[in-house]
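> Each chain, letter by letter, is given below.
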Amino acid sequence: DAKTTQPPSMDCAEGRAANLPCNHSTISGNEYVYWYRQIHSQGPQYIIHGLKNNETNEMASLIITEDRKSSTLILPHATLRDTAVYYCIVRVGVLALPWYSGGGADGLTFGKGTHLIIQP
Amino acid sequence: DVKVTQSSRYLVKRTGEKVFLECVQDMDHENMFWYRQDPGLGLRLIYFSYDVKMKEKGDIPEGYSVSREKKERFSLILESASTNQTSMYLCASSSVETQYFGPGTRLLVL
Numbered sequence: 012d013a014k015t016t017q018p019p020s021m022d023c024a025e026g027r028a029a030n031l032p033c034n035h036s037t038i039s040g041n042e043y044v045y046w047y048r049q050i051h052s053q054g055p056q057y058i059i060h061g062l063k064n065n066e067t068n069e070m071a072s073l074i075i076t077e078d079r080k081s082s083t084l085i086l087p088h089a090t091l092r093d094t095a096v097y098y099c100i101v102r103v104g105v106l107a108l109p110w111y112s113g114g115g116a117d118g119l120t121f122g123k124g125t126h127l128i129i130q131p
Numbered sequence: 820d821v822k823v824t825q826s827s828r829y830l831v832k833r834t835g836e837k838v839f840l841e842c843v844q845d846m847d848h849e850n851m852f853w854y855r856q857d858p859g860l861g862l863r864l865i866y867f868s869y870d871v872k873m874k875e876k877g878d879i880p881e882g883y884s885v886s887r888e889k890k891e892r893f894s895l896i897l898e899s900a901s902t903n904q905t906s907m908y909l910c911a912s913s914s915v916e917t918q919y920f921g922p923g924t925r926l927l928v929l
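Protein chains in written order, with the numbering used here: chain U, 12 to 131; chain C, 820 to 929.
In isolation and in its complexed conformation, chain U is listed as follows (with noise of 0.2 Å):
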């Protein structure tokens, strides 16, 4: 899987858009661009993922650059309960394939994440 890149920290006030930025300049052209998230003492929650184009979900909006070599989380109205660690992966997205029959297993590999913070 390819690695990825995200600033360990970043502050956003409360009732503002979130932007989280993720470098990933080795991705193949199969990985997809996954976002979670985990809050203090939580187990990780899946927020959106993407291929090429940009995604929106009840949650939040993922804007791929078109080289594919970054990509943005947007949160639209942070709240405090937004407050986590936000993870990007990249990774070949379909779990279903034969991956277990040769060894090595298809878990996802979370890396340091960005802190977001937000504050009141």
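Among the hints, erroneous ones may be present.
[Claimed, not checked] Below, a list of computed lysine-lysine pairs in the DSS-like style, where the Cα atoms sit at most 27 Å apart:
id: 1; chain 1: U; residue 1: K123; chain 2: U; residue 2: K80
id: 2; chain 1: C; residue 1: K822; chain 2: U; residue 2: K123
id: 3; chain 1: U; residue 1: K123; chain 2: C; residue 2: K876
id: 4; chain 1: C; residue 1: K876; chain 2: U; residue 2: K14
id: 5; chain 1: C; residue 1: K837; chain 2: C; residue 2: K874
id: 6; chain 1: C; residue 1: K889; chain 2: C; residue 2: K872
id: 7; chain 1: C; residue 1: K822; chain 2: C; residue 2: K890
id: 8; chain 1: U; residue 1: K63; chain 2: U; residue 2: K14
These are computed hints drawn from the structure, not numbers from a lab.
Assemble the complex: chain U is given as a structure, and chain C must be docked to it using the hints.
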């Protein structure tokens, strides 16, 4: 709504005890995973299962075993708990493209 539940949020056990951690998903997913998460080491895959009664070792299976008797349930077993198994344990299940995590079990082995 996607739901993965784990049997306990917090657990305290003694060295040498047998420990069972249970995970249940209600999404009819075939793939399920057990991870542990430790400060500075990130998320590490212990075991995963791609079907009932099927299991595969992840990166750190030593000291653990698993059981998948029903599609919705994936159990992690510590045969003889040791202090270095004190950790946050996370279960996940996945659709074709995405993994969904449970709330985690924080295990302390004394």
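> Taking the hints in turn, state whether each one holds.
Outcome of the hint check:
no.	hint	in the structure
1	U:K123 - U:K80	19 Å, holds
2	C:K822 - U:K123	26 Å, holds
3	U:K123 - C:K876	24 Å, holds
4	C:K876 - U:K14	23 Å, holds
5	C:K837 - C:K874	20 Å, holds
6	C:K889 - C:K872	8 Å, holds
7	C:K822 - C:K890	14 Å, holds
8	U:K63 - U:K14	17 Å, holds
Consistency with the previously given hints is maintained throughout, with no hint failing.
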